[in-house]
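Spelled out from the first residue to the last, the chains are:
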Amino acid sequence: MDYHFQWRPVLHSLPDMLWGALVTIEIAGLAMLLGTIFAVFLALGKRSGEKYLAWPADVWIETARNTPALFQIYMLYFGLGSVGLQFSSYAALLLGITFNNAGYLAETFRGGFSAVPETQTRAARSLGMGAAQTMWHIVIPQMLRAVFHAMTNQMVWSILMSSLGIIVGLTTDLTGVTQKLNVVTYRTFEYFFVAACLYYIISKTFTLSARIVAWRLFRY
Amino acid sequence: MYFGGSFSWGDFEFLLYGAATTIAITLVSILIGTCLGVLFGLIRSGSPWWISNSLGAVLDVFRSVPLLIQLVLFNSFNSMFKLNWPTFAVGCICLGVYASAFCTEIVRSGVGAVPQTTRRAARSLGLSWLQELTSITLPIATRVVFPSWIGLTLGVMKDTALVLWIGIVELLRSSQIVTSRVQEPLLILFITGLIYFLMSFPIARLGNQLEKKWGMQ
Chain H
1 MDYHFQWRPV LHSLPDMLWG ALVTIEIAGL AMLLGTIFAV FLALGKRSGE KYLAWPADVW
61 IETARNTPAL FQIYMLYFGL GSVGLQFSSY AALLLGITFN NAGYLAETFR GGFSAVPETQ
121 TRAARSLGMG AAQTMWHIVI PQMLRAVFHA MTNQMVWSIL MSSLGIIVGL TTDLTGVTQK
181 LNVVTYRTFE YFFVAACLYY IISKTFTLSA RIVAWRLFRY
Chain Y
1001 MYFGGSFSWG DFEFLLYGAA TTIAITLVSI LIGTCLGVLF GLIRSGSPWW ISNSLGAVLD
1061 VFRSVPLLIQ LVLFNSFNSM FKLNWPTFAV GCICLGVYAS AFCTEIVRSG VGAVPQTTRR
1121 AARSLGLSWL QELTSITLPI ATRVVFPSWI GLTLGVMKDT ALVLWIGIVE LLRSSQIVTS
1181 RVQEPLLILF ITGLIYFLMS FPIARLGNQL EKKWGMQ
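Sequences listed follow chains H and Y, in order. Note that the numbering used here has the first sequence beginning at 1, numbered continuously upward. Note that the numbering used here has the second sequence beginning at 1001, numbered continuously upward.
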């Protein structure tokens, strides 16, 4: 092998990459938050049994789960772009991951809702709580406990999926910054190796802190 | 003068050809992933904790780094060491190793689901370690984890879309090529999505049904 590694330029641009990592966390976190909100409604819609609610929810969930995430981002960026709905690459990536997260989380939540006994709802209602109050104070907290682990996994997926922004031309997140530096220097291996390390650190830090949070919150 | 074409049968054939490439990559990588996964899974479930845990930590790296970055790294590896492997092989090996990290955990949970007493009984009836593995543990474990394995295969199928970044023309990339000719992104992406959906949805349904059916017993 006559390849000479050069790590110095990578070290020099490490601050830029760290800023990129912040953008990555921001996108992944926002997509997760929005995805969770949509997913609760999708899961409730599918459980409601109303045809007009269940059918759109079904289309959303099955599309999100049965097509590649990259395809979903393409659809938002190129597909809707052609009919006049122009998204920036940041917005397309964020909405794409949100769409995907919501689809996967909805199925998780559906399982979570079934894990909360029907008697809990009836008890809350007979104590005089309204439907929304029961949902918010009784059902959702218990449901979240049941799906916490699955949500942690989904957040890691969200972080990893945010690397797809580069394919629709995003240059501010970790992968985008790395690719920008790579195009200038042609030190592909060095830059992407450091990016891989940063992604590893981000996902492991998140997984570990989630484990600590779960331990603090969910022990009886 | 009017140069714009419209979506023709030839374009659709081109998309189908891309879909065939997607399926080919999926099959090769899931084959690699399953072979490695069974091997690693057996090592993880039947070796001292320090071997099992260190293998687990190594495989965990593949699940904690974006696949796109793994592809780029492996591709640059290919040119750095002047291996001159075709991009198709690079894509398949990378996806295969990625799949093996998930398959290892699937195999491990399957082996864990076989009661220890069953395995001991088999051994005390005179079966050798290999016989016990092939005629007791693996058949029971396969039944338990087959639905998750289907899920993994479909996941890999969806992840093959990423290999367009290293220059393989699979379904999503061929949709882009057709788009640049026909200039109707929404229509073509819709057809592309439909092809993906038709490749994934029936198998996903089958997996769910098997899971329900086998979970009952």
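Derived by calculation from the structure, the hints in this document are not laboratory data. One thing to keep in mind: the hints can contain errors.
Claimed, not checked - If you anchor each label on the Cβ, the simulated ranges turn out as follows: (1) H:V83 with Y:F1012: 39 to 49 Å; (2) H:P56 with Y:F1146: 27 to 37 Å; (3) H:R8 with Y:F1077: 18 to 28 Å; (4) H:S114 with Y:M1080: 44 to 54 Å.
As the list claims (entries may be wrong) - The calculated lysine-lysine pairs, modelled on DSBU-like cross-linking and capped at a C-alpha distance of 35 Å, are: (5) Y:K1158 with H:K204; (6) H:K180 with Y:K1213; (7) H:K51 with Y:K1082; (8) H:K180 with Y:K1082; (9) H:K51 with Y:K1213; (10) H:K180 with Y:K1158.
Backbone N, C-alpha and C define an ideal beta-carbon position, used for all residues, glycine too.
Check each numbered hint against the structure and report the violated ones by number, ascending. 1, 6 and 7
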